[in-house]
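Trainee: Two chains, each in its own frame: build the complex with the hints.
Protein sequence lines correspond, in order, to chains L and R. Heads up: the first sequence begins at 1 in the numbering used here, then just goes up one per residue. Heads up: the second sequence begins at 385 in the numbering used here, then just goes up one per residue.
Hints were generated in silico from the structure; no laboratory data involved.
Quick look at which bits of chain L chain R covers, simulated, 3 or more residues with Cβ under 8 Å: (1) 65-74; (2) 267-273; (3) 278-291; (4) 304-318; (5) 364-378.
Where chain L lies over chain R, by a calculated footprint (3+ residues, C-beta under 8 Å): (6) 629-636; (7) 661-669; (8) 726-737.
Yeah, the Cβ is synthetic: ideal placement off N, Cα and C, and Gly gets one too.
So you can see what is in the structure, the chains are spelled out below.
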Amino acid sequence: MFSSEDLSFKKELNSLIDKHLPEDWQEYPDERLDSHWELSKKIKNELAKKNWIAPSWPKEYGGLEEDFSKSIILSETMAYRMAPGNDRFGVRMIGPTLLKYGTEFQKKKFLNEITAGKSQWCQGYSEPNSGSDLASISTKGEYDEDSNTITINGTKVWTTLAHRSNRMFILVRTQPDSNRHKGLSLILLDMNDPGIKVNPIKNISGKSSFNEVVLKNVKVSAENVVGKLHEGWMIALDLLNFERSGIDYIGWGERCLDDLVDYCYKNDLIKENHVKNKLAILRSDLESAKLMTYKALWIKEQSDEIHMEPSVSKVLATETNINIHDFAFDLLNTKATFLNTKNKDSFAERVIKNRLFFVSGGILGGTTEIQKNIIAQRGLGLPR
Amino acid sequence: MIDFTITETQKMIIESLENNFSKKIDMRLLNEKAEGFVEYKYGYNEVSKLGFLGMITSEELDGFGLDFVDFSIFMEKWGSFLCNGPVVNNLVSGIFALQSIDEKRFSKLIKDLSISKRIITSSIAQQYESKEFIQIINKDESFFLNGFINNVEFFDESTDITIIGMLDNQLKLIILPKKNISIYEEKKSLIGDKIVDLKLNDHLIKKDLIIDLGNSEKLIEQIFNLTNLALCSESIGVSQSILDKTLEYLTNRDAFGKKIGTFQSIQHKCAEIYICINEVRELIRNASKNINNKEFSRLVSMSKIKSDLELGKISWISHQLHGAIGFTWDYGLHLYTKKILINKSLGGDLSFHSTRLYPDGN
Chain L
1 MFSSEDLSFK KELNSLIDKH LPEDWQEYPD ERLDSHWELS KKIKNELAKK NWIAPSWPKE
61 YGGLEEDFSK SIILSETMAY RMAPGNDRFG VRMIGPTLLK YGTEFQKKKF LNEITAGKSQ
121 WCQGYSEPNS GSDLASISTK GEYDEDSNTI TINGTKVWTT LAHRSNRMFI LVRTQPDSNR
181 HKGLSLILLD MNDPGIKVNP IKNISGKSSF NEVVLKNVKV SAENVVGKLH EGWMIALDLL
241 NFERSGIDYI GWGERCLDDL VDYCYKNDLI KENHVKNKLA ILRSDLESAK LMTYKALWIK
301 EQSDEIHMEP SVSKVLATET NINIHDFAFD LLNTKATFLN TKNKDSFAER VIKNRLFFVS
361 GGILGGTTEI QKNIIAQRGL GLPR
Chain R
385 MIDFTITETQ KMIIESLENN FSKKIDMRLL NEKAEGFVEY KYGYNEVSKL GFLGMITSEE
445 LDGFGLDFVD FSIFMEKWGS FLCNGPVVNN LVSGIFALQS IDEKRFSKLI KDLSISKRII
505 TSSIAQQYES KEFIQIINKD ESFFLNGFIN NVEFFDESTD ITIIGMLDNQ LKLIILPKKN
565 ISIYEEKKSL IGDKIVDLKL NDHLIKKDLI IDLGNSEKLI EQIFNLTNLA LCSESIGVSQ
625 SILDKTLEYL TNRDAFGKKI GTFQSIQHKC AEIYICINEV RELIRNASKN INNKEFSRLV
685 SMSKIKSDLE LGKISWISHQ LHGAIGFTWD YGLHLYTKKI LINKSLGGDL SFHSTRLYPD
745 GN
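Chain R on its own, in the form it takes in the complex (with noise of 0.2 Å):
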């Protein structure tokens, strides 16, 4: 069935964080932040407030039990205020992962992560892709862990991280509490966020803490690919907020007599953006809602491989048409191009998902 509508769930959700964020963003802090000179976060606690950490958390555990497409909505809007914090892994590699285990069995976890009771952050997407994995070695049951973690946000706000370990060849999926594991390196992003590098020398852990008992990799595959999804929804609401902002512009901004917007070069620049912009955005929105069709893995690689190539481009435009004010730190728009740039800087590059779309000798 083709259908196209927007859900009144999805609507109440666009709305909601529109009422709750628009007036809260301070591209000065926003701005002094990736200067480095100060810790600005907003975002995740009202989010929380709203109840949106348990939206695809089931109603069984008083979640709102939403499904993937909504939460893609969920992350368009959220890309799009420029909000910060560990809400991806919380739901995807932490609330989804747990509920595709056994819902059960982890409901007390389920539930304490639906209202930030524990936050859970993790590197998975980059451990899948890179095949890093941190070796686990059974040493009559006690389990020890060795090996790096690299480029982890908002591990100073966790209180656990989600791993992949490798034990007798299998993946293995691991919810290992913050404490005791030591910071190996500490990184800015391009818009001063803190990224951690740790190192895990011989961690002894308990074994239920290896939270499935089988081979995890079908499971991963999906926290990789629905990460890359849920990025590649952000990178959406930011290219969209990078289209308002020059439409704005360009309809104030004067030159030659008259307002810059009404030059047919410029209009047709914008007629790309949008093109790009919605076309990306349907991509990501079809894979969304096939989060259980064996086309899935694909969907996802052409969804991250438009996403980059489309959205990187855009912003590059953006600042072109923005003229000398784009090209300034006050103004922001930089903020908003490096955003897109370190989503599409994870969850793999074109030739890793130009391999997953044509396996080579297939």
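With the rest of the complex left out, here is chain L (with noise of 0.2 Å):
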């Protein structure tokens, strides 16, 4: 699948990893931790000096041209090795749909910071009375046309790392009257502008990961508008599609795999058949999935057009992640439950944390219930 060219850059890649990551590191990132903050930042840092952040892009921007197998490899090592400082809002949710329908300006400007390693992006999309239904968004946009500007009100939700982010892609309704789809814009905010305030949520497992925006009176230039003003629900789409592929499950959940075998061999729990035939039925399925991952990143990259495999592959990626932590889980038991501070199980309390954080996995970017609605309608032709 990967060229010998391709594992030589996983190889140097995990090398810039080992020497920036603590040994022995267990931890899923967490960057509202100041030391992660810090280590992301350090990573981004390291992999902006060899223009590996964004491989696949145009040089101009800070790319590469690599083929988009070297941007799979990076985003899928990162997860594995569970290491912060993989930029998934910048890279792989607006970098690529800046490159598809970004002013020359915009590209220039916020594509080489992205690639420079010196923004972190936030997704402002979700509301408190909008989340699968996203085309009910209420954020109000006010254009003013002698200042060619953009005034904000209103509130954000579930914005992951928005305490940590200079930059926000943002959707918002342009048009005072418009219904449902039309009459959205998809604008490009500055997250220091003042008039943004940012409240941290407590998740499942107890980190504050996501967040509350409540934006209010902020002006922004139409010039960061993406696309044309009024006509950003087919931008907003084709964005949600990129960030979709669901390839970090793929690296998480392979790690999980991987370690809970090598603890089923430790343990002599792989004489045991239902051990056994469910770790070959989970390694079966992260293999497909991994495929179709592949193969939802591989059809982005052949087409224009808005796709159902990036649905598919979401909701394999993020159920298969789930089995298996569910079934480590299911192995480590009170090990994951009762935590002992003295003789630390490090892989027991990575396995429950995960977990627990992973219920997020289903429902953020489209819940899994949306994605088969995509595939049975857009896919299948199933009437509305």
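Mentor: The structure is reproduced here in structure tokens:
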């Protein structure tokens, strides 16, 4: 599947991670912690020095114009190593969107910032009353023709990394009386602009990886609208397709499964048929989900159309990752629920923390149920 | 290189089978065959006429010289039309085996198999999995075969049978002419195909029927893998037809004043079927592209595990989505389900393939 050149890149990338990640790193990145955030910036900076943040982007925007397989390796390896510094909002969501729809000004400014490792993006889509039904958003953007600015008022929610971000791409209703998919615009914001307040929300695993973002009279130049004003819906949807491949879940799931297999061999569990059978099923699930993820990314490279493959791969990757963690939890049992502070079992601790965190996988970026709607209606042509 | 392109050759294979089979499938006859009333086979003679029996035969021997991934795609289409005939046996246990051992030495036989002048059947996959091998006794360079060969398909139309024998603790591949082999027991498959068990009792053969001189274990494992993969591909084709039939039904059937395909609970089931078929398909195709990879056996086992678990499941979901009509004999959905179950029962169970992925004490 990968060329020898790809595999050399993977080896070099792992060496870079080895240099910066503490030995026996067992934690899922938690950028709420200052230490993790500093590590994230450091690794991002090292990747930037080698133009590895977005290796497939054009050279003029800080990429290497490499085959997209390098980007897959980058995302998957960073996830497998649980390394901070993988800017999925910048590199995998708004970046490709700007390459496709952005103005030259936007590309030069924002893409170069991303590849230099100087920015952290967050996504302003969901609102307190608009989640799966994204077209119902109500955050207002009032366009003033004289100053060519938009004034934004509203609240966004579940905004991952907003507390660390200096940039946000936000979907707002710029036509006051518009309905549903019409009259929406995708806008690029500076999180340091006056009027933006970020309130952390603690999640199920005890971390505050996401936030509420309140916007009060935030002024932004219309230069920062992606595509045409009031016509942002299709761009916003396309961006979601970049989000949905599920590649991170493949890396996280594979790491957990590899560690679990080691655990089973070391503890003589592999001889038990139900254990061996379940591990084999999970490995097969993971391999097929991985292939579907690669296929979704490959299709995205081949064609500008919106396809259903990212929905397929997101469902598979998130569910497989959860199934792997569930089985790990079943085998670890009380080791994962009564955390021993004296004889810390870092694998058990990681499994339960991650299992709780991964509840979010089937929700963010469009729930599993929304993905199935997309597959059934847009893909299989079943009537609405 | 990540590449999911369907090549022009593969498109040609798909198109050719669609053109030749889409109107030929006769559900009434298939149903009657399943009841044991008629002998009905279609597919084999047609693909033979189209030259597909020579699809993996090298171009030097007048074949197409195609890869296994092309064969895999062929098998998907073959399965989707519920075609029937010794294609896998001929190509894998016959042509592939002979080409792997010595293409030049067996050129005549390979050519004959490629044009259906001779037809090979086999039960190698089952022998390999069950480890029930024919014993070969060497008495002064006279070779005698003893033992049973179970669940052999297409025996009537075959001229030869490939079997695994054991001689001096080494596995040997033998291509045995059918004549003088007696049928020990006759059975019918779930869809009415004739299956036989054979018994060899001091069956004398010439030495040259043992087609390889060394230990054939690696080659036999490869035949087992490729046979399994071909059956998985066939099941994918069957499953695709199940999905197509289901979608057609759901977009035409009205209930509560609207098409039942508009209900979300039904749409989600269809999405799940689509997801299953596609993930298993890519796993199989990827394995087919990697037949010379050292991980090939693992890739095959994963394909088999996923095919058995997922494709079996989707056929039951499809029956549920069809409601009572899918429960009837005449509608014919049962034929697709049964074909998947037959393939699932062949080529090793979950425990067998799990051990290939995770050997004990390793």
